[in-house]
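Work out the full structure: start from the sequences and follow the hints.
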Amino acid sequence: MSKLLYSVTMSADGFITGPGGDMSWLTPHIGPNPLVDELIGRIGALLVGNRTYRGDDPHRGTEKEGKAFGGGWEGPQFVLTHHIPQTSQPDVEFVGDLATAVTAARAAAGDAYVNVLGADVARQCLEAGELDEVLTIVAPVLLGDGTRLFDHPGGTNVKLERLSVGQVPHATNLWYRVAG
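Residue numbers for the sequence shown follow my numbering, so the first one is 113 and each next one is one higher.
EDC-like cross-link-like pairs, simulated, lysine to aspartate or glutamate; straight-line CA separation at most 16 angstroms:
1) Lys271 - Glu239
2) Lys271 - Glu245
3) Lys115 - Asp244
4) Lys115 - Asp223
Distance windows between CB atoms, simulated:
5) Pro197 - Pro281: 37 to 43 angstroms
6) Thr199 - Leu147: 32 to 38 angstroms
7) Gly187 - Leu147: 16 to 22 angstroms
Quick caveat, the hints were computed from the structure, so don't treat them as lab data. The beta carbon of each residue, even a glycine, is placed where N, CA and C say it ideally should be.
In structure tokens form, the structure reads like this:
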């Protein structure tokens, strides 16, 4: 059975986007990362939030714009949204509720990972008990504002078990299992 993995790059101060959802901060920090290259081959489907799907792109203005992992991955995407568009996209299914989206993404992924993209969808998956692992790639930059990696007003305590820690010249990889 597939696992749900939230993979994300964040600033050292815990932001995954800059103010207003800006992703341009990420562009100078995208570089060779053998762990990410290996992971891409293990992803069977994406579960994506609507804001992430329609949002800013660190590859804006290049041939990689609008492509998952900058064009490094292709396959089925399930976009969680309250506003299902009338027109369809190849390999993209728009889904109106989390349970249906998770079930469909897991089925499409088979034994591979369902990679979760989007802070709000990851939070929803975590709260529903569906999130299995978190891969956080920490970039050496302080943003000061934006979208936090995990935001839960009033706070919460989610226990994580470290699976691995690694470094590449431009980032630190932290891989965790969500503890039951």
